[in-house]
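Chemist: Read off the chains here:
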Amino acid sequence: NAGVTQTPKFQVLKTGQSMTLQCAQDMNHNSMYWYRQDPGMGLRLIYYSASEGTTDKGEVPNGYNVSRLNKREFSLRLESAAPSQTSVYFCASRDRDRVNTEAFFGQGTRLTVV
Amino acid sequence: RKEVEQDPGPFNVPEGATVAFNCTYSNSASQSFFWYRQDCRKEPKLLMSVYSSGNEDGRFTAQLNRASQYISLLIRDSKLSDSATYLCVVNGGHSSASKIIFGSGTRLSIRP
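Keeping their order, the protein sequence lines are chains H and R. 4 is the number of the first residue of the first sequence in this note's numbering; add one for each residue after it. 197 is the number of the first residue of the second sequence in this note's numbering; add one for each residue after it.
These aren't lab readings, by the way, just hints derived from the structure by calculation. Positions of the beta carbon are idealized from the N, C-alpha and C atoms, including for glycine. Warning: the hint list may mix true and false statements.
According to the in silico footprint, chain H covers these stretches of chain R (three or more CB under 8 angstroms from chain H) [to be verified]:
id, segment
1, 215-222
2, 259-273
Calculated lysine-lysine pairs in the DSS-like style (CA-CA distance at most 30 angstroms, straight line) [as the list claims (entries may be wrong)]:
id, chain 1, residue 1, chain 2, residue 2
3, R, 241, H, 12
4, H, 74, R, 238
5, H, 12, R, 238
6, H, 74, R, 275
7, R, 241, H, 60
8, H, 60, R, 198
9, H, 60, R, 238
10, H, 17, R, 238
Next up, chain H with everything else stripped away, as it sits in the complex (with noise of 0.2 angstroms):
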């Protein structure tokens, strides 16, 4: 079972540049998450969707953008990389239907911006 996928696994960036973390869930989940993880700290909640055609910010939207292509696929992007995003970045989903399921995330995505 693939579960959550994320691509790339790595990624380095020249600031300015833009680009576009993929994520996909084979497990027909609604809702799906973009998380940050810095150093020392705990996973921040960048953009969620919710259901399929939804998208909501999380705490730390500013400088991202999010797309829910469809229900299995939800990209994250960045149009102008900055040296503040270097970071790992989590995808995750959930059945949202019930209460206390579980979120399953895929391997990260470790981003350098230079």
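With chain H held as given, fit chain R onto it using these hints.
Modeler: Below, chain R alone, put in the same frame as chain H:
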């Protein structure tokens, strides 16, 4: 105020000890509560959900106190393999039930 707050630790305890973590949350409408475990440079994985009446899974016990808006995790007879970061997770409440917020994590190190 952060929505979910945890003591960052680190907690450094001997093998076999009992250790407890607390976590406070700010949204009184939150309905879902979890403890996740994260090993170094890996993705978080669910340790256990936290139910209103409290719940136990082997050496792990989780409690929820809605009145004081905190959840706790107790680890008994700690093992070397319990060394990790423990993340408190809470959902966003009625209007944003799908929103899932993480605490900053509590680092635990078990020494032989």
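Chemist: Work down the list of hints and note, for each, if the structure agrees.
Modeler: Checked hints:
1. 215-222: Violated, because only 0 residues of the segment 215-222 of chain R bring their Cβ atoms closer than 8 angstroms to Cβ atoms of chain H.
2. 259-273: Our answer is that it is violated, as 0 residues pass the Cβ test (under 8 angstroms) against chain H, missing three.
3. R:241 / H:12: Cα-Cα ~18 angstroms, so holds.
4. H:74 / R:238: holds (25 angstroms)
5. H:12 / R:238: Holds - the C-alpha atoms of residue 238 of chain R and residue 12 of chain H are around 12 angstroms apart, at most 30 angstroms.
6. H:74 / R:275: violated (40 angstroms)
7. R:241 / H:60: Roughly 23 angstroms between the alpha carbons, so the hint for residue 241 of chain R and residue 60 of chain H holds.
8. H:60 / R:198: holds (16 angstroms)
9. H:60 / R:238: holds (25 angstroms)
10. H:17 / R:238: OK: residue 17 of chain H and residue 238 of chain R at ~25 angstroms, within 30 angstroms.
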